[in-house]
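Participant: Protein chains in written order, with this note's numbering: chain A, 1473 to 1792; chain B, 1014 to 1361; chain C, 1456 to 1760.
By construction, these hints were calculated from the structure, which means they are not laboratory data.
No residue lacks a Cβ here, since even glycine has one placed at the ideal position from N, Cα and C.
Don't take each hint at face value.
As the list claims (entries may be wrong) - With a Cα cut of at most 30 Å, we get these calculated DSS-like pairs of lysine-lysine:
1) A:1739 with B:1223
2) A:1598 with C:1494
3) C:1587 with A:1550
4) A:1483 with C:1587
5) B:1074 with C:1491
6) A:1739 with B:1074
7) B:1285 with A:1668
8) B:1285 with A:1718
9) B:1155 with A:1739
10) A:1550 with C:1649
11) A:1640 with C:1649
12) B:1223 with A:1718
13) B:1291 with A:1668
14) C:1649 with A:1483
15) A:1739 with A:1718
16) A:1640 with C:1670
17) A:1550 with C:1670
18) B:1285 with A:1787
19) B:1285 with A:1706
20) C:1649 with A:1558
21) A:1558 with C:1670
22) A:1706 with B:1074
23) B:1285 with A:1504
24) A:1640 with B:1223
25) C:1494 with B:1074
26) C:1670 with A:1593
27) B:1171 with A:1718
28) A:1640 with A:1593
29) A:1504 with B:1155
30) A:1558 with A:1483
31) C:1670 with C:1491
32) C:1494 with C:1670
33) A:1558 with C:1587
Unchecked claim - Residues on chain C that point at chain A, a partial pick, calculated with CB under 7 Å:
34) 1485
35) 1602
36) 1667
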Amino acid sequence: MNEILQVKNLKKYFNVSGGTLHAVDDVSFTMKYGETLGIVGESGCGKSTLGKAILRLVQPTSGEVIFEGRDITRIGNKELTALRPKMQMIFQDPMSSLNPRMSVSQQIAEPLMIYNVYRNKADMDKRVLELMDTVGLARRYVDTYPHELDGGRRQRIGVARALALNPKLIVCDEPVSALDVLIQAQILNLLQDLQKEHGLAYMFITHNLSVVKHISNDICVMYLGQVIEQCNTKELFRNTLHPYTKALLSAIPVPSLNKTRERIILKGELASPIDPKDACRFAPRCIYAKEKCHNCAPELVDVGGNHKTACHYVKEINGL
Amino acid sequence: MSEKVLEVKNLIVHYETQDGVAEAVNDVSFSISAGETLGLVGETGAGKTTIALTIMGLLPKPAGCVISGEVLIDGRNITETSRNRAKQRKNDRMMRRLRGNDVSMIFQDPMSALNPVMRVGDQISEVIRLHSSASRAVATQKAMEMMELVGIPGVRFKDYPHEFSGGMKQRIVIAMALACNPRVLIADEPTTALDVTIQAQVLELMNDLKRQFNTSLLMITHDLGVVAEMCDKCAVIYAGQMVEHGTVEHIFNNAQHPYTQALFSALPSLDKDVDRLKSISGLMSDPMDLPPYCTFYERCDARCHRCMELDPPLTESEPGHFVKCVHFMKDNGAPSPKEGAAAAEASL
Amino acid sequence: MAKLYTPAMAAVAKKRARSKRKATSGQSTPSREAWKRLKRNRLAIAGMVILAALILVAVFADFLAPRGYDVQNLSERNLPPSLKHLMGTDNYGRDILSRVIYGTRVSLPIGFICVIIAFAIGGTLGAIAAFKGGRTDNIIMRIMDIFQSIPPMLMAIAIAASLGNGALNLVLAISISTMPARSRIVRAAILTVKRNDYIESARAIGASSRRQLLKYMLPNAIGPILTSFTFSVATAILTVSSLSYIGLGITAPTPEWGSMLSAGKELLRQAPHVLLFPGLMIMVTVLALNLFGDGLRDALDPRLK
Chain A
1473 MNEILQVKNL
1483 KKYFNVSGGT
1493 LHAVDDVSFT
1503 MKYGETLGIV
1513 GESGCGKSTL
1523 GKAILRLVQP
1533 TSGEVIFEGR
1543 DITRIGNKEL
1553 TALRPKMQMI
1563 FQDPMSSLNP
1573 RMSVSQQIAE
1583 PLMIYNVYRN
1593 KADMDKRVLE
1603 LMDTVGLARR
1613 YVDTYPHELD
1623 GGRRQRIGVA
1633 RALALNPKLI
1643 VCDEPVSALD
1653 VLIQAQILNL
1663 LQDLQKEHGL
1673 AYMFITHNLS
1683 VVKHISNDIC
1693 VMYLGQVIEQ
1703 CNTKELFRNT
1713 LHPYTKALLS
1723 AIPVPSLNKT
1733 RERIILKGEL
1743 ASPIDPKDAC
1753 RFAPRCIYAK
1763 EKCHNCAPEL
1773 VDVGGNHKTA
1783 CHYVKEINGL
Chain B
1014 MSEKVLEVKN
1024 LIVHYETQDG
1034 VAEAVNDVSF
1044 SISAGETLGL
1054 VGETGAGKTT
1064 IALTIMGLLP
1074 KPAGCVISGE
1084 VLIDGRNITE
1094 TSRNRAKQRK
1104 NDRMMRRLRG
1114 NDVSMIFQDP
1124 MSALNPVMRV
1134 GDQISEVIRL
1144 HSSASRAVAT
1154 QKAMEMMELV
1164 GIPGVRFKDY
1174 PHEFSGGMKQ
1184 RIVIAMALAC
1194 NPRVLIADEP
1204 TTALDVTIQA
1214 QVLELMNDLK
1224 RQFNTSLLMI
1234 THDLGVVAEM
1244 CDKCAVIYAG
1254 QMVEHGTVEH
1264 IFNNAQHPYT
1274 QALFSALPSL
1284 DKDVDRLKSI
1294 SGLMSDPMDL
1304 PPYCTFYERC
1314 DARCHRCMEL
1324 DPPLTESEPG
1334 HFVKCVHFMK
1344 DNGAPSPKEG
1354 AAAAEASL
Chain C
1456 MAKLYTPAMA
1466 AVAKKRARSK
1476 RKATSGQSTP
1486 SREAWKRLKR
1496 NRLAIAGMVI
1506 LAALILVAVF
1516 ADFLAPRGYD
1526 VQNLSERNLP
1536 PSLKHLMGTD
1546 NYGRDILSRV
1556 IYGTRVSLPI
1566 GFICVIIAFA
1576 IGGTLGAIAA
1586 FKGGRTDNII
1596 MRIMDIFQSI
1606 PPMLMAIAIA
1616 ASLGNGALNL
1626 VLAISISTMP
1636 ARSRIVRAAI
1646 LTVKRNDYIE
1656 SARAIGASSR
1666 RQLLKYMLPN
1676 AIGPILTSFT
1686 FSVATAILTV
1696 SSLSYIGLGI
1706 TAPTPEWGSM
1716 LSAGKELLRQ
1726 APHVLLFPGL
1736 MIMVTVLALN
1746 LFGDGLRDAL
1756 DPRLK
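With the rest of the complex left out, here is chain A (with noise of 0.2 Å):
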C-alpha cells in the first residue's frame, strides 16, 4: 500500500440564505507516504474547506476520505479522536491559531496532555524541549506568550504542536502567506527537513504559486469548489494546459526585469459558488470560452502521462 489518502468524490455543500454553497464540489485525489500535494487557488475556492473536510473538521457532504485504508468519513468520534494524532494541520495565522492564554510549553504539551502520553511531568517536559529544538525554536522561550513572540516563531510553535503526536499527515492551510520572505523560507525549510527526517505526508494548500512549486510534488488547481487540472509539479510548470492556469501563472509579477512574458489578464472575478449550474465555471472569465462551456461541465479527464484536466478544448487550445 502506497497510498496515504484517497480522496474520492468529496463534497462539502453549505446551506446559506442564498441557496446551497458548494465549497468542494466532486473532488478526488491521492496522496503518497513521504509527498507533498500542493493545492493551489484563490480564496473563495473552496481549498480551506477540503483541507478541514478530509480532517473532519468539518463534516463532508458526501464522497470518502479513505485515510491508510480506512473511510472516515462515516467512523464515530471515538474512532476519529484515535486516528488525530496521525493527521495534524497546521494554520495560516500564526496568531488566531495559539491559544492566547498558554505559554509556549503549554502549548506543545496540549496535546501530549491530551493523549496521555507520558505518564509523569518529567518526561513530558522533556520532549516538549525537544520538540522546541526540532522546530529550531530556542529553549529560552518556554515560559513565554504568544502575544510576545514574532509570527515565524509563532508559526514554529504551530508546527511542534503538528508534530508533537508524531503524525503521517499534516494538512498544512497557508502556513506561510502571513509570514515575510525571509521567515517565510525559514519556515518551509523547515518544513522540508521535517519532512525528510519523519517521512511526513504535506497537503499543502496556498495561492502562492511559487510557493507550492517550491515544496510540492503534485499539484492540484482549484477553482470555485473544484479540480480544474492536477498532475506532478514539473509537468504542471512545463506544460500548463488549462486556460485558468495559464492565466494564473501569468499573474504572477516576477521578480526579475529581464522576463518578457505574455500577461494573460483575466476579466471580471470570480463567479457566485451558490447554486452554480451544469457548466465550466470558469467558462465567464475564460477567453477561450464557446457555447458548449457555458452549458455542459466538462470532466477531470487524463490526458496523457497522469496530467488530469477539466476543459472541453484543451486539446484545441494547446494544439495537442
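Fit chains B and C to the given chain A structure using the hints.
Facilitator: Then chains B and C, alone, in the frame of chain A:
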C-alpha cells in the same frame, strides 16, 4: 528626470509609548520626480507605512512624532517638527488642504477604507467637493467619470461598498485617490489583500492611470515582483533605515547590500528549481533597542570587525546606486564583501 | 574615517539612552499585562480601593460600629449629626453610622451572591448554547427570551411578593430575574472566542468538548464576563435596595440601606440625614463598582479603546 515632486529629507520618526521609544524611521531621504514610481520594499515593521503616514500627516498622535527632517511637495515643506501646539494645529489645517489635493493614499485593506453606509458614488464625489469648489452636479459627473475610468460601470454609482467584490472595492479606492488629480499617490500594499489574477488587473490599471495623469507614485510593498512590474526606482528599508537605493536595474541586476541579496535568494522562484531556499537566521532588530552600529550586523553573512565599529552611511557605489554597508564605503579599511564573507567563514 | 554625526543623530542617541534605561521586566502573562494596564487607570484603582474598604468594613463591622445596629434610645430620636452620633440618629434613636456600617454586611453579600447565582445558572446555559449551537442554542435562547420579555424589576417584584419577605427570597428573586441577561453575555463572549482558529486547532489535536470549553473558550472569554460581573453587582445592590424600599426585601430591624431609605422618606423635611447617609452609601458602592468595572474592561480588552 525633471523637477522633484516629492522629496523626503533626513526623516526621523519615533513612536513614544509607555514601554519606551520605538525608532520607526531613522534618517530616510528620497525623492520622486513627476511621473516616476518609487518602490519602498521591506519586511513588516521596517517602517514603510510610518514613512507613508508621515508624508500624509496621518501619524497616530500623540505617540508618533517627527523628530527631524522634512517632507517637501513641489518644494514646499509640509512637516512641522515644532512642539508648539498652535503651530501644529495650523500645520494640520494646511495638511488637510494638501491631502487629497496634492497627495493621496491608497490603503492595503479596501474594506476598511470605504464607509460601509455610504453609496460609493457619494464617497467619491464627496472627496471631489471637499477639495475643490465644484458644485454637487459637477462633482457627481466627475465621480461617474472616475468610476468609468477604473473600469466600474457608472450605473453602479448608487451601490453600497458591500455590493462590490474586493478587487472592485480597491478600484473604487483608487478612483477616490485619483479624483482630485493628485501630484503624488502613495499606495501602501495596494494589492496584498487581493488574489493574483485580481492583483494583475489592479496593477495594470494603476500603471495605465499613472501614465495618463503623469502622477508620481510611491509604491509600498513587500513583494519584489510588484516592484519589478511597477517601479522605476527602488529603496530597500531595514529597521527604519534605507539600506539600498537605486534604479530597479541596480537593485534587481546588481543588488549590493547583503540584506537585499538575502531577500532575493529567499524567494522561491517559478523559473529555477532549487532544493532549498537560502534564508538568513534571526530577526530584524527591535526598533526599541537598535544597536549603535550596523543594524543588519547580527544577520549578515558578510560582516566583519568594522561593521561593529560604526553605523555606515549611505554611500554611492555607482552613479545613482546607494548602499548602506561598510564594504562600499570609500577608504573604510574594511575588506570587500567577498573577502568579508570569507573572513567570517574562516573565523567560525 | 570618523562617523558623520548630524544633530538629528545626536537626538537619536539621546532617545536611545533613555529608552534603554527601561529594563525589561520579567515574563509577562496576559493577566499580568492586564494588571499593568489596570494599575495605570487611576479611577479604576480608586474604585478598587473603595470596594476593598467596604469589604473590610463589612468584615470588621463589630469593631467599627460604635453601637449595635438595633440599640434603640427613644430619647435621642432624629438627632442631626454630631460628635456623639457622626451620622445622627433615626426615628427610633438608633445610631445611623452603626446601621450604615452593619448595612455593608447585608447589601454587599446579597449583591454578590445574586450575581454569582445568576451567572452560575444563566452563564452555564449561555455557554452550552454558544458551544453547541444549532438547535440546543435555539431552544435555550428562546426560553431565555420568554424570561426576558418580562421587565426584570417587575419579575423580581412578582417573585419577591409571592415568596414573601426575607433575604433568601430576595436573592432568588433577583437571581432569576437577571439570569437571562447574564446568559446572553456569556453566550456572546463565547461566540466571539469560538471564531478564532485556536478552537479549530484544539479540535485538530483531538481536544474533547469539555477541554475546548474549559481551557480554550472560557479563559479567553473571561474578560467581558468579569467586567459584566462587576456591573451586575452594582445593579443587584440597587435592586436589593429598591425592593427593600418598597417593602419587599429585607425588613426591619435588619439595617439594609434601601429599607433605611424607606424609613427615612417620611422624615425628609425634619431629618434629611436619616435618608442622606444610606443613600450616599448606595451611591458610593455602585460608583466604585462601576469605576472598577470600567477599568477592568479597558485593561482586559485593550483593543476596545
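Participant: Would the pair residue 1706 of chain A and residue 1074 of chain B pass a check requiring their Cα atoms to be no farther apart than 30 Å?
Facilitator: violated (52 Å)
Participant: Please verify that hint: residue 1602 of chain C, Cβ, nearest Cβ of chain A, below 7 Å or not.
Facilitator: violated (29 Å)
Participant: Checking one constraint from the list: CA of residue 1558 of chain A to CA of residue 1483 of chain A, max 30 Å. Satisfied?
Facilitator: holds (23 Å)
Participant: Would you check the hint for residue 1640 of chain A and residue 1223 of chain B, treating anything up to 30 Å between C-alpha atoms as holding?
Facilitator: violated (51 Å)
Participant: Against the 30 Å threshold, does the CA-CA distance of residue 1550 of chain A and residue 1649 of chain C hold or violate the hint?
Facilitator: holds (23 Å)
Participant: Please verify whether residue 1483 of chain A and residue 1587 of chain C have alpha carbons no more than 30 Å apart.
Facilitator: This hinted pair holds, its Cα atoms lying about 24 Å apart.
Participant: Assess, step by step, whether the Cα of residue 1223 of chain B is no farther than 30 Å from the Cα of residue 1718 of chain A, and give holds or violated.
Facilitator: This hinted pair holds, its Cα atoms lying about 27 Å apart.
Participant: Given the proposed pairing of residue 1285 of chain B with residue 1504 of chain A, does the C-alpha separation stay at or below 30 Å?
Facilitator: holds (25 Å)
Participant: Regarding the pair residue 1649 of chain C and residue 1558 of chain A, is the alpha-carbon distance no greater than 30 Å?
Facilitator: holds (25 Å)
Participant: When you check the alpha-carbon spacing of residue 1640 of chain A and residue 1649 of chain C, does it fall within 30 Å?
Facilitator: Holds, at roughly 28 Å.
Participant: Take a quick look at whether residue 1155 of chain B and residue 1739 of chain A sit within 30 Å of each other, Cα to Cα.
Facilitator: This hinted pair holds, its Cα atoms lying about 25 Å apart.
Participant: Under the criterion that the straight-line Cα-Cα distance not exceed 30 Å, is the pair residue 1587 of chain C, residue 1550 of chain A satisfied?
Facilitator: Judged against 30 Å, a Cα distance of about 18 Å means the pair holds.
The structure does not agree with the numbered hints 2, 6, 22, 24, 27, 29, 35, 36 stated previously, though it agrees with the rest.
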